[in-house]
Structure formats: C-alpha cells, structure tokens
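Colleague: Chain order of the listed sequences is A and B.
Residues in the first sequence are numbered consecutively from 1, following UniProt numbering.
Residues in the second sequence are numbered consecutively from 1, following UniProt numbering.
Note that these hints are calculated values from the structure, not bench results.
Incorrect hints may have been included.
Remember, identical chains collapse to one label, so a pair may be satisfied in a single copy or spanning two.
Straight line, CA to CA, 25 Å or less: simulated SDA-like cross-link-like pairs of lysine to any residue [stated by the list, open to error]:
# : residue 1 : residue 2
1 : Lys129    : Glu242
2 : Lys187    : Tyr4
3 : Lys123    : Glu141
4 : Lys123    : Arg103
5 : Lys129    : Pro61
6 : Lys123    : Thr140
2 protein chains.
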Amino acid sequence: MSLYVMKFGGSSVGDTERMQRVARRVVEKQDEGHQCVVVVSAMGDTTDDLIDQSKLLNENPPAREMDMLMTTGEQISMSLLAMSIHNLGREAVSYTGWQAGFRTEAVHGKARINDISPIRVNKALEEGKIVIVAGFQGMTEEGEITTLGRGGSDTTAVALAAAIQADVCEIYTDVDGIYSTDPRVVKCARKLNEISYDEMLELANLGAAVLHPRAVEYAKHNNVKLVVRSSFNYNEGTVVKEEASMEQGAVVSGIAFDKNVARISILGVSDYPGVLARVFGALAQEGIDVDIIVQSGVQNGEADFSFTIARHESQRALSVIEGIRTEVPFREVTSEVNLVKVSIVGAGMVSHPGVAAQMFDVISKQDVSIKMVSTSEIKVSCVIEGSNLEGVVQALHTAYGLDTNQQASVGGPQVRR
Amino acid sequence: MSLYVMKFGGSSVGDTERMQRVARRVVEKQDEGHQCVVVVSAMGDTTDDLIDQSKLLNENPPAREMDMLMTTGEQISMSLLAMSIHNLGREAVSYTGWQAGFRTEAVHGKARINDISPIRVNKALEEGKIVIVAGFQGMTEEGEITTLGRGGSDTTAVALAAAIQADVCEIYTDVDGIYSTDPRVVKCARKLNEISYDEMLELANLGAAVLHPRAVEYAKHNNVKLVVRSSFNYNEGTVVKEEASMEQGAVVSGIAFDKNVARISILGVSDYPGVLARVFGALAQEGIDVDIIVQSGVQNGEADFSFTIARHESQRALSVIEGIRTEVPFREVTSEVNLVKVSIVGAGMVSHPGVAAQMFDVISKQDVSIKMVSTSEIKVSCVIEGSNLEGVVQALHTAYGLDTNQQASVGGPQVRR
Chain A
1 MSLYVMKFGG SSVGDTERMQ RVARRVVEKQ DEGHQCVVVV SAMGDTTDDL IDQSKLLNEN
61 PPAREMDMLM TTGEQISMSL LAMSIHNLGR EAVSYTGWQA GFRTEAVHGK ARINDISPIR
121 VNKALEEGKI VIVAGFQGMT EEGEITTLGR GGSDTTAVAL AAAIQADVCE IYTDVDGIYS
181 TDPRVVKCAR KLNEISYDEM LELANLGAAV LHPRAVEYAK HNNVKLVVRS SFNYNEGTVV
241 KEEASMEQGA VVSGIAFDKN VARISILGVS DYPGVLARVF GALAQEGIDV DIIVQSGVQN
301 GEADFSFTIA RHESQRALSV IEGIRTEVPF REVTSEVNLV KVSIVGAGMV SHPGVAAQMF
361 DVISKQDVSI KMVSTSEIKV SCVIEGSNLE GVVQALHTAY GLDTNQQASV GGPQVRR
Chain B
1 MSLYVMKFGG SSVGDTERMQ RVARRVVEKQ DEGHQCVVVV SAMGDTTDDL IDQSKLLNEN
61 PPAREMDMLM TTGEQISMSL LAMSIHNLGR EAVSYTGWQA GFRTEAVHGK ARINDISPIR
121 VNKALEEGKI VIVAGFQGMT EEGEITTLGR GGSDTTAVAL AAAIQADVCE IYTDVDGIYS
181 TDPRVVKCAR KLNEISYDEM LELANLGAAV LHPRAVEYAK HNNVKLVVRS SFNYNEGTVV
241 KEEASMEQGA VVSGIAFDKN VARISILGVS DYPGVLARVF GALAQEGIDV DIIVQSGVQN
301 GEADFSFTIA RHESQRALSV IEGIRTEVPF REVTSEVNLV KVSIVGAGMV SHPGVAAQMF
361 DVISKQDVSI KMVSTSEIKV SCVIEGSNLE GVVQALHTAY GLDTNQQASV GGPQVRR
C-alpha cells in the first residue's frame with residue numbers, strides 16, 4: 001500500500017464527464033490498494049469567468065477580495081469531485097486549503113506556504129476515506145484566505161505530499177509527460193521516462209505549462225518523487241526525481257528554447273569600476289529582467305557589452321540606457337529583436353566535457369552563426385537568429401540521440417561528440 | 001450614528017448592475033453617518049445552477065459536500081460586492097460565515113446557530129469599514145462548513161444584528177414591504193407600516209417569500225427591530241417589532257390564505273381514550289403535517305372528526321388511516337381536496353371580542369359555507385371551498401378597512417363589527 005497525492009488541473013476537471021473520469025481514476029487507484037489524496041484546480045474556465053465578473057465591478061479590485069472570490073473555484077470542483085466519488089460508492093471528503101492545514105504568509109494573490117498541519121487529512125485517510133483538497137489556497141495566521149499565485153495547485157500537491165510523507169505525487173495533465181523538446185517543433189520529440197529536478201527546472205520554459213518551476217523547487221527541496229502523466233490515458237508519464245537513477249548514458253535530456261529574446265549591445269563604454277552595476281541596477285529598478293550578459297575585453301580603455309532581455313522590453317530598455325548616458329558615457333547602443341535562445345539541458349554533462357563544443361559544431365553545420373553563449377553546470381545556451389530556430393533544434397535533437405525512431409532502433413540514448 | 005444590518009437577497013444582487021445598485025445603497029447609508037454590516041445571499045440563479053451541476057454527478061449527494069458547494073455562492077457575491085464598494089472609494093471587507101464567527105450545530109443542510117462571536121466584524125466596524133457577511137452559512141466546532149437551510153440568509157442577518165446589537169436589521173427584497181393580503185388577489189391590498197412579530201408569523205404563508213418565519217422568531221426572541229423594504233426604491237417599508245406601538249385602531253392587520261388544503265373526515269369512530277393519539281401518531285410517523293383538527297360531540301358512543309392537511313398528502317393520509325382500521329374502528333372516511341383556508345390576523349383582536357363573529361357574517365353574506373373554524377389569540381381561520389377564495393378575501397379586506405383607497409379617504413384604519 002502506497003500513499004498517493006494525485007493532482008488534477010483545470011482541464012482534467014473541465015466538465016461533468018471529465019470530472020467523472022477523474023473520480024473513476026481515483027477509485028481505481030484505491031482499488032489497487034493505495035491511499036489517495038486528490039488536489040484539484042478550478043474547473044476549466046471558472047477562474048477566468050470569475051476574473052471577468054470582477055472586472056465589471058472594479059478594474060483594480062483589492063487583492064484580499066480577489067482571493068476570496070478565486071478560492072471558490074477550487075471549492076466548487078472539490079465538492080463536485082467528492083460527490084462524484086460518492087456516486088461510485090466510496091467515501092470521500094473535501095477540504096478547503098485552510099481546512100487541510102495550509103498556513104501562508106500574509107500576502108494576497110501570491111502567498112508562500114509557511115507550514116502545513118494536515119491533521120484532518122491524516123485522520124480522514126486513517127478512516128479509509130479518499131481525501132480531496134482544494135489547490136492554490138491557504139489561510140494566514142489571522143484567518144484571512146490567501147491564494148498561492150501561478151502554479152499554485154502544483155505547489156499545493158507537492159507541499160502536501162511532503163507534509164503527509166506521500167510515496168508519490170502524481171501531476172495529471174493533458175500531455176503524456178515531459179518531452180525532450182517541444183513536439184510542435186520536432187515531430188519525433190521523445191517522452192522522457194525520467195528527469196532530474198534540476199533538468200526539469202532548466203527545461204522550465206518548455207515544461208512550465210505542465211509543471212510550475214516553483215513546485216519543482218519545492219519537490220527538490222523536500223525530495224518528493226513527482227510523476228507527470230496524462231489524465232486521458234494510462235501511459236506511464238515522466239518521473240521527476242534526484243539524478244542518481246537518471247537514464248544510462250543520456251548526457252543531454254532535452255532541448256529547450258525561448259522564442260522571445262532581444263539583444264541590446266552597448267558599445268564603447270569607458271571602463272571604470274561600477275559601470276556594470278550602474279547599467280544593470282538601472283534596468284532592475286525598471287523591473288526589466290536580464291538573462292545572458294557578455295562583456296568583451298577592454299581595448300583603449302573602452303569595452304563593449306551585450307545582454308538579452310524579453311523582446312517586448314527592448315524599447316523600455318533602450319530608454320533606460322539613454323537615460324543614464326551622462327553617468328555612463330558610451331559611443332553607441334544597438335538592439336536586435338528577432339533572436340531566440342536554444343539550450344541543451346542534461347545532468348550528465350557535468351562529467352562529459354566537449355558537449356558544448358559539439359553543440360557549436362552542430363549549429364555551425366547548419367550555417368547559423370552564434371551570437372551569444374551562456375553555460376551552467378547542466379545547460380549550454382546559444383543565442384541565434386530566430387529564423388533558424390526549427391532547423392537548429394531539430395539538428396540538436398538528432399545529434400544528441402533524442403529522436404524517437406532512433407531510440408527505438410538502437411535500444412538506448414546515444415550521444416555523439 | 002446608528003448601526004445597521006442590511007440584508008440583500010439573491011434577486012437584489014442578481015447581476016452586475018444590481019450589485020452596483022446595492023453598493024451605492026450601502027455607501028449612501030454610510031454617508032448618512034451610519035455603520036453598515038451587509039448580509040448577502042448568492043447571486044440570482046447561482047444556487048440553482050450549483051444544484052443542477054451536482055445532480056449530474058450524484059442524484060443523492062452527501063449533505064456535507066452539498067454545504068461545501070452551496071456556500072461558494074455567497075462567497076462569490078460577498079467578494080464581488082466588496083469590490084464594487086471599493087470601486088466607490090470606500091473600504092469594505094467580506095467575511096464567510098465562519099470568519100464572521102457563526103458557530104452552528106453539527107448538522108448539514110439545515111444547521112441551527114449555536115452562537116456568534118463577531119470579533120472580526122466588530123473590529124472592522126471600529127476601523128470604519130463596511131462589513132459584508134455571507135448569509136446562510138456557519139461552521140461547526142470541528143471546523144466543518146454548514147448551511148442554515150431555507151431562509152438562512154434572513155436568519156444570518158437577524159442573528160448577527162442581535163449579536164452586534166444593531167439598531168435596525170433591514171431586509172431588502174423585491175417588494176415594498178408586508179401587505180395586508182396578497183396584491184395578486186386583492187388589487188387594493190395595503191402596504192403595512194408596522195406589524196408585530198406574532199402577526200408576521202401568522203401571515204407567514206403570505207410573507208414567507210419576503211421574510212422567513214425562522215428569522216421572525218429569532219427577531220422576536222432577541223427583540224431585533226426589522227424593516228422589510230425594497231432594494232429597487234426608497235419607499236419606507238414595513239417595520240416588524242413588538243406590538244406596543246402597533247397602528248392605532250387596527251384590529252385586523254392582514255388577510256392570509258392557504259390555497260393548498262384538503263380535509264379528511266373520519267366518521268363513526270368508537271370513542272375511547274387514546275383514539276386521537278393513535279390516529280395522529282400514525283400520521284406524524286409518516287411525516288404528514290396536520291393543521292386544523294375538529295371533533296364533534298360524542299353520540300351513542302361514536303364521534304366524527306375532521307382535520308386538514310396539505311392537498312398533495314391526501315392520498316397518503318387516506319392509506320395511513322385505512323392501515324389502522326383494525327386498531328381504530330370507524331364507519332367511514334371521506335376526503336375533500338379543493339379547499340382553502342382564509343385567516344384574519346391582528347394583534348388587536350385579543351382585546352376586541354366579536355371579530356370572529358364579524359368574519360363569519362362577511363363570509364355568509366358571500367353565500368359561502370364555512371366548513372371548519374380554528375382560532376388563536378391573534379388569528380381566526382375558516383376553511384371554505386377553493387372557488388370562493390378571491391371573493392371572500394376581497395370582502396374581508398374591505399370589511400376590515402384594509403383597502404388602500406378607503407384608507408386614503410378616511411385617514412386611518414377602520415374596523416366594523
């Protein structure tokens with residue numbers, strides 16, 4: 001007998017029929033001899049409908065009242081799911097965030113969980129009941145209702161799994177698991193059987209729709225075994241856990257990319273201490289996130305440097321830089337907006353030098369020039385022209401042995417370098 | 001400065017426009033220098049929609065989960081109203097039943113309030129905020145969410161008014177107040193300026209749609225001054241309070257009627273001790289409510305008696321009586337289903353003998369025969385043929401000086417006897 005936390009997102013409980021499917025799925029798990037705690041999101045469009053309604057009354061509603069409003073979405077879906085499970089002849093009991101013992105900081109709209117006292121959840125489990133918990137919500141010490149913000153229900157599931165020492169936290173969604181890259185770009189993208197927490201975090205911009213980075217961090221910190229799988233079929237899904245038992249020989253697990261990249265270059269900057277701090281301090285003050293930063297060597301007391309930001313921020317960034325020209329004199333500032341960032345991600349690359357060199361080789365053979373490079377322990381990123389994205393991702397996917405058919409024929413991941 | 005509890009029902013907050021009208025109304029009250037606590041029901045059809053959704057998943061859902069589901073309705077309307085009031089530049093804060101301190105017995109679907117600890121409500125009032133409280137709901141000692149059942153939001157308002165020692169509890173609805181009779185039957189029905197708790201209770205089947213009897217009892221018990229008025233205009237409404245200051249000279253305040261009456265007569269029953277207890281015990285066991293009971297004198301050791309029940313219960317009642325024939329022998333049982341009960345209600349009749357006699361006179365002048373009579377301190381009821389209902393109600397309404405035009409011309413209620 002294992003203890004499962006099963007999280008179902010809004011699309012999995014989007015209508016009555018889907019709700020019944022989830023109920024059957026949970027009952028099947030109990031039939032296999034397991035204990036089940038289910039975390040649910042609001043049904044389908046409920047959250048958006050509530051937001052629309054609020055906007056009609058107040059364009060800028062107080063966050064406290066928005067939390068009061070939004071938390072009804074999960075309360076509706078959890079009670080309906082409980083009824084649907086009762087209809088299958090099983091005992092089920094639903095709890096709001098505060099009833100399940102979620103205590104959060106006193107912030108509305110994006111509260112962090114302070115601690116969880118799952119007394120009632122544990123008691124109901126002992127009584128043989130299926131427990132259903134509202135995702136995304138908690139309560140402050142003062143009894144105020146809060147929400148956890150984006151990815152909240154994933155975080156609820158992971159945090160609850162840690163608190164009740166569940167054996168597995170299953171995240172049910174509308175895809176089969178985590179893929180080696182976006183299947184819309186690479187047709188033979190491969191579903192991964194396993195992936196490490198760190199890799200999952202680096203693949204975030206591919207996987208964010210499936211599993212929120214915050215939940216992954218929480219899982220890593222509390223060593224919660226995650227399984228990402230489909231609520232529409234019985235395929236095995238992707239296990240997210242510590243890297244110890246990663247797939248043999250797989251140096252690169254996936255190819256991530258970000259289509260929304262602009263580069264700003266500041267040329268001929270007088271080199272003196274604090275110049276970088278001044279530039280990036282000014283950008284941070286405006287809330288502009290900077291990703292990759294590259295500085296050239298100093299020549300004749302002048303340096304060039306470049307950085308990447310989200311495309312839609314480029315005009316604002318240029319204004320900020322013009323605004324500090326008197327303090328930080330430079331010769332010229334330029335911007336390029338049609339760029340993308342392609343990354344190879346893999347826990348195995350720590351112990352495999354030459355992975356970056358192979359990546360550059362693959363890209364150059366596509367006749368594509370690399371504009372910027374950035375590396376971390378388990379990731380190498382290259383910034384290239386946006387028009388080259390699909391060809392480069394496909395070539396890297398093939399080069400690192402991630403294509404499905406290739407896997408099937410050679411029996412295991414192959415890495416060429 | 002007075003402290004007001006203002007209760008708005010589902011139709012008063014049925015859509016965005018009405019919600020805004022309620023917000024303005026509350027702000028106007030604050031502008032007059034008063035403190036305001038608002039109790040809201042779920043918006044328009046929300047409750048029915050939720051019930052419909054639940055029925056699709058479970059024809060007979062567990063009451064606990066129904067309470068979990070239903071209480072979201074008020075939580076949505078209270079938070080939207082808070083946003084709408086904020087939009088008018090005022091501070092408002094909404095509380096669920098449990099946050100407002102409503103503790104109930106551990107029964108789902110129709111819990112009674114055990115006590116109220118309105119600590120947060122009082123604190124928010126002290127801070128100058130408008131407080132909004134979800135009607136119809138509370139929490140048990142064990143932290144389970146409960147609902148108060150039919151008329152729940154009225155009861156919430158009255159109980160809260162008692163707990164915070166409000167000066168007035170205003171019940172906003174879609175009619176101008178309590179009428180002397182149903183305006184659909186008598187065109188010149190008169191809106192009452194004042195009425196006593198007891199009269200209101202006796203008029204319940206006219207006024208139930210406006211004010212639930214349970215809330216009236218609670219108000220009487222705690223001496224809460226009620227005002228029933230329209231949320232769509234500024235007319236003064238009807239004050240419900242102790243009878244001390246009832247309208248001068250008004251012996252009869254209103255004409256109530258019940259269209260749903262059947263009479264069962266059991267003829268030739270052997271008279272012995274306990275026979276009535278046996279008959280009505282058997283009916284009670286089947287959950288059949290009996291209203292008026294009339295027993296004739298005993299002749300030759302045999303008695304006849306009759307009683308009234310709701311029309312749709314008559315077939316079941318006949319079966320019950322046939323079922324006890326061996327224990328309680330009788331000659332014959334008959335039933336009449338097309339009857340109605342007409343009642344005159346008035347606190348003044350205690351000190352005015354002859355009111356009943358006048359009623360019989362008015363009815364006989366309509367050529368209508370009276371089948372049964374029942375009296376209480378402030379009410380006289382006659383059971384008559386259903387086809388005579390409208391004529392009799394109109395005649396009584398006129399006879400007791402309740403018609404509007406008559407009032408206008410003679411300057412005050414007149415009672416002829």
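Colleague: Are the hints correct? Go through all of them and say.
Modeller: Here's how the hints hold up against the structure:
For the homomeric pair Lys129 and Glu242, neither the shortest alpha-carbon distance inside one copy (31 Å) nor that between copies (51 Å) is at most 25 Å. Neither within a single protomer nor between protomers do Lys187 and Tyr4 lie at most 25 Å apart by alpha-carbon distance, with minima of 33 Å and 66 Å respectively. With identical chains, the CA atoms of Lys123 and Glu141 are at most 25 Å apart both within one copy (22 Å) and between copies (16 Å). For the identical chains of this complex, Lys123 and Arg103 are neighbours both inside a copy (18 Å) and across copies (22 Å), given an alpha-carbon limit of 25 Å.
In the homo-oligomer, the alpha carbons of Lys129 and Pro61 lie at most 25 Å apart only across protomers (16 Å), although the nearest pairing inside one protomer, at 39 Å, exceeds that limit. Proximity of Lys123 and Thr140 under a CA criterion of 25 Å is satisfied in both settings, with 23 Å inside one chain copy and 17 Å between copies.
The earlier numbered hints that this structure contradicts are 1 and 2.
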